[in-house]
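Peer 1: In case you want the letters, here they are:
Number of protein chains: 2
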Amino acid sequence: MAYQPLDEQTVIDYVKNRAPMQHIFPQDANLSASEVGDGNLNLVFIIRCANYPDRSAVVKQALPYLRVAGESWPLTRERVRFEAQSLMQYNQLAPGLAPEVYDYNDEMSALTMEYLGHHQIMRKPLVARQVFPNFVDHISTFLARTLFFTSDLYLTGPAKKALQAKYINPALCKIQEDFVYTNPYKTSPENKWNPKFDAEVRATRANAPLKIAIAEVKETYIAHAQALVHGDLHTGSIMVNETETKVIDSEFAFYGPMGYDIGNVLAHLVLNYLTHYAHTPNAGERAAYQAYLLDTTRDVWEESLAEIMEKAKAHRAAHKVTT
Amino acid sequence: MAYQPLDEQTVIDYVKNRAPMQHIFPQDANLSASEVGDGNLNLVFIIRCANYPDRSAVVKQALPYLRVAGESWPLTRERVRFEAQSLMQYNQLAPGLAPEVYDYNDEMSALTMEYLGHHQIMRKPLVARQVFPNFVDHISTFLARTLFFTSDLYLTGPAKKALQAKYINPALCKIQEDFVYTNPYKTSPENKWNPKFDAEVRATRANAPLKIAIAEVKETYIAHAQALVHGDLHTGSIMVNETETKVIDSEFAFYGPMGYDIGNVLAHLVLNYLTHYAHTPNAGERAAYQAYLLDTTRDVWEESLAEIMEKAKAHRAAHKVTT
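Protein chains in written order, with our numbering: chain A, 5 to 327; chain B, 5 to 327.
If you are wondering where the hints come from, they were derived from the structure by calculation, not from laboratory data.
One thing to keep in mind: the hints can contain errors.
Heads up, the list lumps identical chains together, so a pair's fine if it works in one copy or across two of them.
[Claimed, not checked] In silico DSBU-like pairs for lysine-lysine, Cα to Cα no more than 35 Å straight-line:
# : residue 1 : residue 2
1 : Lys20     : Lys215
2 : Lys324    : Lys178
3 : Lys20     : Lys324
4 : Lys20     : Lys222
5 : Lys196    : Lys324
6 : Lys20     : Lys317
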């Protein structure tokens with residue numbers, strides 16, 4: 005089937021005709037679709053089933069263009085392949101901590117997966133000062149398992165390199181190289197900021213030691229292929245509810261430094277901490293929630309690290325070298 | 005054409021029928037072939053031409069097995085692809101410093117290239133205390149150009165990653181990971197040594213700080229993808245004569261740390277320095293040649309580094325960032 009963008013009608017036939025979807029939707033399923041994507045990057049359809057209301061799915065299809073200029077068609081649609089194969093990897097390595105992948109169709113750049121109807125993007129409840137008692141355990145398990153089991157600490161050289169070859173992700177890495185590590189430190193048309201911060205912006209651009217430090221971590225991002233990292237693991241890429249945590253939107257997945265995802269989670273917890281000076285005027289409420297966020301930040305770091313170290317020790321013991 | 009090992013008869017027809025070879029050997033060329041490989045890894049044929057004696061070529065064909073056990077057929081024949089594509093890269097980046105590639109046939113795992121009939125493997129003349137006045141300049145140019153122009157210092161992120169994807173070289177990297185970074189530091193059936201060194205061997209295996217240091221550089225070898233490195237650049241992979249220097253045998257080529265090739269050249273000059281305590285009994289001759297080797301070692305380091313820095317500066321000046 006040649007690539008064509010789906011719509012709320014054609015996506016129903018598409019789903020019904022895909023062999024891997026037969027075990028999700030019975031033959032007599034009465035399906036409806038609603039498009040909920042932002043329309044600029046991807047189409048996202050929620051598929052609901054009137055006669056089997058517990059059955060549902062999400063179809064995510066890459067559009068052949070990116071808002072970022074200059075990217076060519078085949079390069080950019082490939083991003084959904086990186087998302088699909090990394091989510092499948094997560095399903096294996098950290099079951100229950102990412103949406104289940106039902107189907108991936110490379111020609112159509114379409115990924116069909118579990119609909120997370122009872123979860124919300126974590127960024128929002130963090131603003132509303134919600135507490136998630138299982139989050140530390142879940143995200144630390146996700147980080148430790150996906151990082152350790154894709155790294156040289158666990159895989160043989162050839163197995164790791166075979167996996168790495170599937171995750172050479174130039175277009176998406178370029179976005180991070182530019183928007184995270186380059187543009188903010190110089191004059192760039194992509195930079196947007198509140199004029200209140202003009203002085204800070206000027207100071208940042210003039211700060212040579214900072215720029216050298218950023219260049220060093222940029223080199224690590226670019227060249228230090230330690231493990232499969234999600235690559236964009238902020239609180240907008242994590243869906244939560246009272247009992248579950250699901251990592252989504254892994255199209256930036258690539259082989260990079262093991263600290264990248266962990267640091268991303270920690271950084272966004274700290275950012276959320278800071279926003280409560282604006283979001284939460286009541287000093288007592290603010291202090292209580294900020295204390296929760298600080299505990300969470302520390303615990304994610306300590307538990308992720310402890311679990312990686314524990315796995316490395318167990319693996320070493322099982323492959324004891326004769327000296 | 006399905007893969008089949010060539011012999012001294014069939015290689016003549018093979019060469020005559022390859023389109024890219026038409027400009028090397030005229031149609032009436034009277035060719036003869038002699039096999040000079042060690043027969044365990046590769047077939048190597050020298051093709052000579054009776055009626056045009058200035059025309060010649062070498063055909064190198066990978067055999068479908070390696071002496072190292074456990075490698076599968078398609079993996080190991082691929083090594084000649086890494087050699088062919090890296091030599092072609094060298095032809096572009098450092099013209100004159102590697103044999104010219106005439107033809108590469110992936111199905112036959114056969115690489116046809118310039119015959120270096122007037123050069124010898126550098127290891128031998130170094131033992132015989134020969135001096136090569138152009139060597140420092142040539143090898144520094146080779147190192148600086150092949151490393152700089154394949155690194156993130158020069159290439160854009162997407163261009164570098166596209167090149168890197170062609171050099172994921174699991175089988176050959178595994179050999180170095182095992183034989184350079186692992187086996188020598190533990191009990192391994194692959195280790196061979198003169199019993200005179202038993203005490204040193206035991207001391208090495210018991211030396212925990214050394215093994216930690218080796219593990220750190222092993223991690224760099226495995227995961228630090230900075231530039232296209234030759235991967236096996238000892239003095240047995242360099243052919244020389246009075247005026248020329250040619251880098252050969254690049255089947256270990258992969259994206260790795262920029263210091264790897266430079267360090268390899270330096271290390272083998274130092275090894276040669278040490279062997280002259282045995283090779284050169286005359287103290288005066290020995291001291292003179294060892295002084296030459298030390299000068300060469302220092303100069304290769306300084307000139308390679310200077311040329312890389314100079315190229316980086318020029319590139320930066322040409323792409324001046326507005327702060």
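Peer 1: Okay, which hints does this one fail, numbers in order?
Peer 2: Hints 1, 3, 4 and 6 contradicted; others consistent.
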